[in-house]
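**Student:** Read off the chains here:
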Amino acid sequence: MSKRVFDVCIVGSGAGGGTLAAHLARAGVDVVVVEGGPTVNTRTDFNTHALPFDYANRHIPTMKGGKPGFTSERTRGVGGKTMLWNAVALRLSHRDLKGYTIDGAGADWPIDYADLAPYYDKIESEIGVCGNRDGLEDLPDGIYLPPVALKEGDLLLQQGARELNIPIIQTRKATLTRARNTRPACHYCGNCMAGCDVAAKYNSADVHMTPAMKTGHLTIIPNAVVSEVTVSPENRVTGVRYIHRVNHEEGEVQARCVTVACACVQSIALLLMSKSRLYRDGLANSSGQLGRHFIPHFNSGVEGFLTKRIGQKPTNDEGFIDHAYLPSYMHARKRDYARSFGIQIYTGIRRTAGWARLMPGFGERYKQSVKQRFPAYVNFQCFGEMIPNKQSYVTLHKSKKDRYGLPEPHVHAVQEGNERKIYDDMNRAAVAILEKAGGEVLSVSHFNEPIFNHQLGGCRMGDDPKSSVLDKFCKAHDLPNLYVVDGSVFPSASEKNPTLTIMALAARTAEHISDRLRKGEM
Amino acid sequence: METRRDALKIIGAIGATCSFPFSANELYAQHVHQAEGHPAAQPWSGPKFFTPDQFAVISRLSDLIIPETDTPGALGAGVPQYIDLAVSEEQKLRKVFTDGLPKLEKKSKAKFGSTFLEATKEQQIELLEALSITAEREKTRKPEKRSKDTQFFDAIKSLTADGYYTSKVGLIDELGYDGNAALASFPVASIPEH
Chain A
95 MSKRVFDVCI VGSGAGGGTL AAHLARAGVD VVVVEGGPTV NTRTDFNTHA
145 LPFDYANRHI PTMKGGKPGF TSERTRGVGG KTMLWNAVAL RLSHRDLKGY
195 TIDGAGADWP IDYADLAPYY DKIESEIGVC GNRDGLEDLP DGIYLPPVAL
245 KEGDLLLQQG ARELNIPIIQ TRKATLTRAR NTRPACHYCG NCMAGCDVAA
295 KYNSADVHMT PAMKTGHLTI IPNAVVSEVT VSPENRVTGV RYIHRVNHEE
345 GEVQARCVTV ACACVQSIAL LLMSKSRLYR DGLANSSGQL GRHFIPHFNS
395 GVEGFLTKRI GQKPTNDEGF IDHAYLPSYM HARKRDYARS FGIQIYTGIR
445 RTAGWARLMP GFGERYKQSV KQRFPAYVNF QCFGEMIPNK QSYVTLHKSK
495 KDRYGLPEPH VHAVQEGNER KIYDDMNRAA VAILEKAGGE VLSVSHFNEP
545 IFNHQLGGCR MGDDPKSSVL DKFCKAHDLP NLYVVDGSVF PSASEKNPTL
595 TIMALAARTA EHISDRLRKG EM
Chain B
67 METRRDALKI IGAIGATCSF PFSANELYAQ HVHQAEGHPA AQPWSGPKFF
117 TPDQFAVISR LSDLIIPETD TPGALGAGVP QYIDLAVSEE QKLRKVFTDG
167 LPKLEKKSKA KFGSTFLEAT KEQQIELLEA LSITAEREKT RKPEKRSKDT
217 QFFDAIKSLT ADGYYTSKVG LIDELGYDGN AALASFPVAS IPEH
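Protein chains in written order, with the working numbering: chain A, 95 to 616; chain B, 67 to 260.
This is chain A alone, in the form it adopts within the complex:
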């Protein structure tokens, strides 16, 4: 690399990094995105339409043969996790942002819904989100393309839920239901999470970064695993050092401002391993708060069958996977816990019947029973909000190193009493709805084996530099030119899928950074 000094260096290219990069480049800011993984061509590289029987061991590799990309557990690649996400795009509400004020647990955000709303508008308008304006207090409406129709199974569950006074709505996803610019509308093949090969589903590479390349202000350096954010003796970040993913050669990038956006846990790890004379316990960690208040979503689930659909002839209602969503409604109910839950509802046929092994017996009757239940299967995926606790945090592993010699992150996540109450209640709600709708329960998940999804928190925003790492613009309290934009910045998690909010924060941060650059503050 030459001695070029960029205005902004962004580490990571997913929902946070990709959105930020495009917004800055469009504002005329010279941006470089440093991404640990390779560039992936969504149209040709994903194994999008494979079925399990194409492989002897029935594992479908994410990438087509020989194509580098999303094959490891720590997914890296240009576009980040937006390449494989399920695209649920929900706004947080005032209640989500001010949970401490409202029910005395967890932490408030330093911003409110009014601060985020214009950026939600902006993001939804530019990427395309489908959904219905439902007018719910707990789930603010946005600017939507037409929603996708509910499946027959969803309608049955919705009817059952209505009798219990529980809402079930059409889901809101960052997937096009109408063609726009170069992107076609969704064709409902059910392969969303195998890498949408027409980019009807949002990904940050095709929708944000590639169009922004035309400005001439955006440079992407793929295959560059960042090992350190560098800092000067004058307490300013100066850029990043990286290791090439394949040949392990070292390189560096210089910039007036650095934004870390490489997915929650990895962002925290990068800051923790960026040690210097000024920051012996990790960059921007003078408060000792970095890594603390880690609050991933926890999942429970219920599966079963809708009686009315048992024995029906299957039709192609795979759609874009889940079409129905149960939004938080608990604020209106009496309950003995803080916060709430939401449920993604999966009905219709799927290319997997792993549940068949849980059906009793064997032989002809067993085979018949599975066949009849194939179209009737339903799956409730419940997401609960975790309250931060002392045992849940991210550190660097003392001995484990990755293949670049960098310390592995060490994730600690413990669920406590409030989580247990939410867990039980969301499973109870799912079972009640299924029973009201006329169905059989096949399995209910157990609290003792928690499953975490959506990494959040650990580098939280706040007004007080003693109890938070970032200010309300996602800028480090400790440094004038270091930002973080991803799930790690969330002071409280809400039960809602976080990606749309990460993108709204990125759009807001982009405005803030370009203003400061213009004023010569960096």
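Think of the hints as simulated: they come from the structure by calculation, not from any bench. Where is the CB? At the ideal position from N, CA and C, for every residue including glycine. Take the hints with a grain of salt, since some may be wrong.
[Unchecked claim] Computed cross-link-like contacts, BS3-like style, restricted to lysine-lysine with a CA-CA straight-line distance of at most 30 Å:
1. B/K177 to B/K205
2. B/K214 to B/K161
3. A/K161 to B/K114
4. B/K175 to B/K158
5. A/K308 to A/K216
6. B/K158 to A/K494
7. A/K407 to B/K234
8. A/K402 to B/K205
9. A/K161 to B/K175
10. B/K211 to B/K169
11. A/K495 to B/K158
12. B/K169 to B/K208
13. A/K158 to B/K234
14. B/K114 to A/K158
15. B/K161 to B/K211
16. A/K494 to A/K97
17. A/K216 to A/K613
18. B/K205 to A/K530
[Claimed, not checked] Here are the simulated distance ranges between beta carbons:
19. B/D239 to A/E529: 32 to 40 Å
20. B/R207 to A/Q406: 30 to 38 Å
21. B/P109 to A/H338: 35 to 43 Å
22. A/H425 to B/I191: 51 to 59 Å
23. A/L372 to B/Q108: 55 to 63 Å
24. A/D202 to B/D239: 21 to 29 Å
25. A/E605 to B/E210: 23 to 31 Å
With chain A's structure known, arrange chain B on it following the hints.
**Tutor:** Only chain B this time, still in chain A's reference frame:
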């Protein structure tokens, strides 16, 4: 977090980033790295893990679990070959079979005075039925608290179900899966009457 990623090996289009927490959506006890998917077209060159005798027993068991009806059963769908491959790649499963198969033979000898393969179909079903009933009774126990018999039954049944319903015969011919196809628009549904 790691445990979830490790535990979830999801078949079909469901990726590992935001999906299903159930055992029912992952392949039974397989911990094969995703990059190691094998193209199915390779010719089969005999069992990798089981002896020919053991393989014959595995084949018979899978045939009893999912028999041929108006569609082919486990044998017609190549399930024994899948089981052999899955077991060869998964240490924990190997022990279940090296313990479980001799035990099954012992029971057959004690009860019918013959090997499992020499026993009549009715006798074979009787042995399998006893295991199935025990497994159903122990269903609510944690997997590690289940008896050896149940672990064996769970393994052979789960592998048979996985192998069958991920095969072309099982998924397309038997279940009638009709997806993975482009639609111009998603059809509007209504609530069924009956």
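**Student:** Each hint should be assessed against the structure and marked as holding or not.
**Tutor:** Cross-check of the supplied hints:
A distance of roughly 26 Å separates the Cα atoms of B/K177 and B/K205; the hinted pair therefore holds under the 30 Å criterion. A C-alpha spacing of about 11 Å is found between B/K214 and B/K161, which places the hinted pair at or below 30 Å, so the restraint holds. With a C-alpha separation of about 29 Å, the suggested pair A/K161 and B/K114 falls inside the 30 Å cut-off, and the hint holds. Only pairs whose Cα atoms come within 30 Å are accepted, and B/K175 paired with B/K158 is accepted, the gap being roughly 27 Å.
Between A/K308 and A/K216, the direct Cα distance comes to roughly 20 Å. Compliance with the 30 Å bound is thereby established for this hinted pair. Taken as a hint, the B/K158 and A/K494 pair is honoured in the structure, with Cα atoms around 25 Å apart against an allowance of 30 Å. Simply put, A/K407 and B/K234 have alpha-carbon atoms about 18 Å apart, close enough for the 30 Å limit, and the pair holds. Simply put, A/K402 and B/K205 have alpha-carbon atoms about 27 Å apart, close enough for the 30 Å limit, and the pair holds.
Only pairs whose Cα atoms come within 30 Å are accepted, and A/K161 paired with B/K175 is rejected, the gap being roughly 53 Å. A C-alpha spacing of about 19 Å is found between B/K211 and B/K169, which places the hinted pair at or below 30 Å, so the restraint holds. The suggested pairing of A/K495 with B/K158 holds, with an alpha-carbon distance near 27 Å, which does not exceed 30 Å. Between B/K169 and B/K208 the alpha-carbon distance is near 22 Å, which keeps this suggested pair within the 30 Å criterion.
Under the criterion of a C-alpha separation no larger than 30 Å, the hint pairing A/K158 with B/K234 is consistent with the structure, at around 20 Å. Between B/K114 and A/K158, the direct Cα distance comes to roughly 26 Å. Compliance with the 30 Å bound is thereby established for this hinted pair. For a cut-off of 30 Å, the pair hint linking B/K161 to B/K211 stands: about 16 Å separates their Cα positions. Annotation: proposed proximity of A/K494 to A/K97 is violated, straight-line Cα distance about 34 Å (limit 30 Å).
A C-alpha spacing of about 24 Å is found between A/K216 and A/K613, which places the hinted pair at or below 30 Å, so the restraint holds. Restraint check: the Cα-Cα separation between B/K205 and A/K530 comes to about 25 Å, which is no more than 30 Å; the hinted pair holds. Roughly 33 Å separates the CB atoms of B/D239 and A/E529, a value that falls within the hinted 32 to 40 Å. Checking the proposed 30 to 38 Å range against B/R207 and A/Q406 shows it holds: the Cβ atoms sit about 34 Å from each other.
For the hinted restraint 35 to 43 Å between B/P109 and A/H338, the CB-CB distance of approximately 40 Å keeps it satisfied. Our hint of 51 to 59 Å for A/H425 and B/I191 holds, since their Cβ atoms are close to 55 Å apart. The beta-carbon spacing between A/L372 and B/Q108, approximately 58 Å, falls within the hinted interval of 55 to 63 Å. Checked against the given bound of 21 to 29 Å, the beta carbons of A/D202 and B/D239, roughly 57 Å apart, lie outside it.
A hinted range of 23 to 31 Å is violated for the C-beta pair A/E605 and B/E210, which are about 54 Å apart.
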